[in-house]
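Trainee: Please build the complete structure, drawing on both the sequences and the hints.
There are 2 protein chains.
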Amino acid sequence: MKCDIITIGDELLIGQVVDTNSAAMAQMLARIGVDVHEKITIGDTREQIVSTLRSVSAEADLVLLTGGLGPTRDDITKSTLAEYWHDNLVRDEASYRNVERFLAERHLEMNALNERQAWVPSRAEVLPNACGSAPGMWYEQDGVVYVSMPGVPHEMSRMMQQEVLPRIVSRLVTQRIVHRTLVLAGIPESRLALVLSAWEDQLPANMKLAYLPDAGVLRLRLTAKGSKDEPVEEAAEAQLAKLRPLLESYLLGEDVQRLEEIVGLHLLAHHAMLATAESCTGGNVARRITSVPGSSRYFAGSVVAYSNRVKTEVLHVSPETLEMHGAVSRETVLEMAAGVRQLLQTGYAVAISGIAGPDGGTPDKPVGTVWIAAASPEDIVARCFHFPPDLDRQSIVERASNEALRMLLGVMPQH
Amino acid sequence: MKCDIITIGDELLIGQVVDTNSAAMAQMLARIGVDVHEKITIGDTREQIVSTLRSVSAEADLVLLTGGLGPTRDDITKSTLAEYWHDNLVRDEASYRNVERFLAERHLEMNALNERQAWVPSRAEVLPNACGSAPGMWYEQDGVVYVSMPGVPHEMSRMMQQEVLPRIVSRLVTQRIVHRTLVLAGIPESRLALVLSAWEDQLPANMKLAYLPDAGVLRLRLTAKGSKDEPVEEAAEAQLAKLRPLLESYLLGEDVQRLEEIVGLHLLAHHAMLATAESCTGGNVARRITSVPGSSRYFAGSVVAYSNRVKTEVLHVSPETLEMHGAVSRETVLEMAAGVRQLLQTGYAVAISGIAGPDGGTPDKPVGTVWIAAASPEDIVARCFHFPPDLDRQSIVERASNEALRMLLGVMPQH
Chain A
103 MKCDIITIGD
113 ELLIGQVVDT
123 NSAAMAQMLA
133 RIGVDVHEKI
143 TIGDTREQIV
153 STLRSVSAEA
163 DLVLLTGGLG
173 PTRDDITKST
183 LAEYWHDNLV
193 RDEASYRNVE
203 RFLAERHLEM
213 NALNERQAWV
223 PSRAEVLPNA
233 CGSAPGMWYE
243 QDGVVYVSMP
253 GVPHEMSRMM
263 QQEVLPRIVS
273 RLVTQRIVHR
283 TLVLAGIPES
293 RLALVLSAWE
303 DQLPANMKLA
313 YLPDAGVLRL
323 RLTAKGSKDE
333 PVEEAAEAQL
343 AKLRPLLESY
353 LLGEDVQRLE
363 EIVGLHLLAH
373 HAMLATAESC
383 TGGNVARRIT
393 SVPGSSRYFA
403 GSVVAYSNRV
413 KTEVLHVSPE
423 TLEMHGAVSR
433 ETVLEMAAGV
443 RQLLQTGYAV
453 AISGIAGPDG
463 GTPDKPVGTV
473 WIAAASPEDI
483 VARCFHFPPD
493 LDRQSIVERA
503 SNEALRMLLG
513 VMPQH
Chain B
103 MKCDIITIGD
113 ELLIGQVVDT
123 NSAAMAQMLA
133 RIGVDVHEKI
143 TIGDTREQIV
153 STLRSVSAEA
163 DLVLLTGGLG
173 PTRDDITKST
183 LAEYWHDNLV
193 RDEASYRNVE
203 RFLAERHLEM
213 NALNERQAWV
223 PSRAEVLPNA
233 CGSAPGMWYE
243 QDGVVYVSMP
253 GVPHEMSRMM
263 QQEVLPRIVS
273 RLVTQRIVHR
283 TLVLAGIPES
293 RLALVLSAWE
303 DQLPANMKLA
313 YLPDAGVLRL
323 RLTAKGSKDE
333 PVEEAAEAQL
343 AKLRPLLESY
353 LLGEDVQRLE
363 EIVGLHLLAH
373 HAMLATAESC
383 TGGNVARRIT
393 SVPGSSRYFA
403 GSVVAYSNRV
413 KTEVLHVSPE
423 TLEMHGAVSR
433 ETVLEMAAGV
443 RQLLQTGYAV
453 AISGIAGPDG
463 GTPDKPVGTV
473 WIAAASPEDI
483 VARCFHFPPD
493 LDRQSIVERA
503 SNEALRMLLG
513 VMPQH
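Residue numbers (this note's numbering), protein chains in the order written: chain A, 103 to 517; chain B, 103 to 517.
It should be emphasised that the hints constitute simulated quantities derived from the structure, not laboratory data. Every clue listed holds true.
So the derived list for chain B, only partly shown, Cβ under 7 Å to chain A, looks like this:
{"#": "1", "residue": "D112"}
{"#": "2", "residue": "E140"}
{"#": "3", "residue": "K141"}
{"#": "4", "residue": "I142"}
{"#": "5", "residue": "N216"}
{"#": "6", "residue": "P290"}
{"#": "7", "residue": "G385"}
{"#": "8", "residue": "A388"}
{"#": "9", "residue": "D494"}
What you are looking at is a predicted structure, and each value in this text was computed from that prediction instead of being measured. No residue lacks a Cβ here, since even glycine has one placed at the ideal position from N, Cα and C.
Mentor: Right under this line is the structure:
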């Protein structure tokens, strides 16, 4: 089955909004064994929507569209689709009641623009929108299935899960695709590729390995394909069993996407609590840890000590340390980690202080210099990182956050 | 000029990595007046790269590609491009020295895979990579310009700025595009659309308004186009002068993308410092504020009080308050805001406590219930938000963060 995704919106084309929808949709589709063949982003113009539909329908079996279903006049997806399908719009009563309910909950009145949202092409199977006012549409024409969904990420996400995926599974899927992911750190991509060369050579034709380096962490993704009744999972696992010994201690975790999930699993296993003391990362490590549901079971909190005053008064870093060694130093992060562990009464702590730029660098400590300390009940270690000065602020914060999470894993038992 | 972007990588197609490159490139292109016509994401297969190049070259004048230039065997963009252009690969000495330098800085040795990175199609104009080992390529063939860049975001970004944009401006650009953005809150999209209907009707044909709602904040984007010597900026500003009076107090800022930038500008103007006390947002407000360069001039820090112990011991919320009213209550966030203001000695503070889910909700306080307090030197206010229970954890955190920043603006003079 060939599946294409079309995301519609001028804001995506000019880069004002990053398209997260197509990645979220692709992840959900991967889980039910549907491979996305192509993703296309186009603007809110009738001509472009029609010409893109024409070109993808020649090859695709399933076309998922998001965006352009809102009430304002730049939203033209629905009327363009009706025209493309040679269909006319009719008012759908269930959708009308949903718009009424949606507006009532928000203490808003119905107007002509909202009312238009309840109109759908006459032959469409209407997909209810549980969190918004624009209904989705499932449409079959000339052997191609079209699904049109709202562009608001959580509305699309809910509609995919509740309405679209079940229909795809029961009506369209015949193939199985299995993705397995290994998370590594500490070995460069090109060196690992040489180590794995012989193993890659012997992979069967229905499997493929990809290297995904990102801010100091390397993910390996093994993809295996087969028909619905082949033992694809087992075959992939058999290959991984041969792969694991080659990865030695570089392997941090499997089938989790993110370091913060691995850290969380370890803390849970050790019944331990964590605190963070952050300067240059500005709360990013805390945000990543708390983005995992259930993190309150192992995360006490954080002190974001952006000013030196907070470092001394709240974390009890000694003014002499700051004076003699500076805020970006081994001594300061060791005292920050010890201070936050003491203050928040946790077993584990991590502290980060550095220069994320673009300003604030000195010849001695250029932009990209970051000190990190990690503390366990038994141990405390500190390390200096020199991230390439050509990285931007956000990249330095992300890399420092990754290294902080890795150092935490390093002071935990079994690592 | 028609510009297409092609991003290449299986990790993008299966949604393992969100494609931020195409948005970043589109933003940079918009600034020099280049409109992106279409963005296409495809996998790392020779057939797909070739067929996509064939189909876009029929219409596009400029094709920007990212990805697939790494050293491992899943990276096939360069060899496929050479084949598509009927060219052969030759070793580029400057690129070879750059690979040597890159590896030496990282204390790595050259191997056969790295060495391959210095080979480029013989007729390509080589674009040096200032932060990585893979060179970029500028290639002109049959009236179409192709630019191939690495997929690593900061490598692509630097190469765009230093090598690609200057060449586009001097060799290709003839048109001007101006984007102006207004940030609003407090009015629903459909109501505003009715208010602006007459103004939209009188817009000249070269201008277009788009509505971009996102987590409680609404951005309006006016796009104006013209030739290089038309007064496009002035014409757009003349339209905005008519628009502003219609927006009343809903208008929060202009030509900034993000609420945290607006908050930062106000704090700077008032020579004031800010602190945050965060429970359910887990440091996200601090992270957003510190993502703005120079934020150390107005941001002291944050206490992420995930556990109740931290609320009482560090922020001095009284145990009786927690006992009587609960952690998610008016009384608690008022004490959190007062506590963090006192602790970090700032004029302004914001405190957030709520239930981000998926667990932790009660009939009384379901998932999505969030209390927020904002304090200025003169005033302190608290408000309860009930975000729709169908939102996911991340969406609730983002909405609560937006509301916290808006409430901060509300307690500042002039708002």
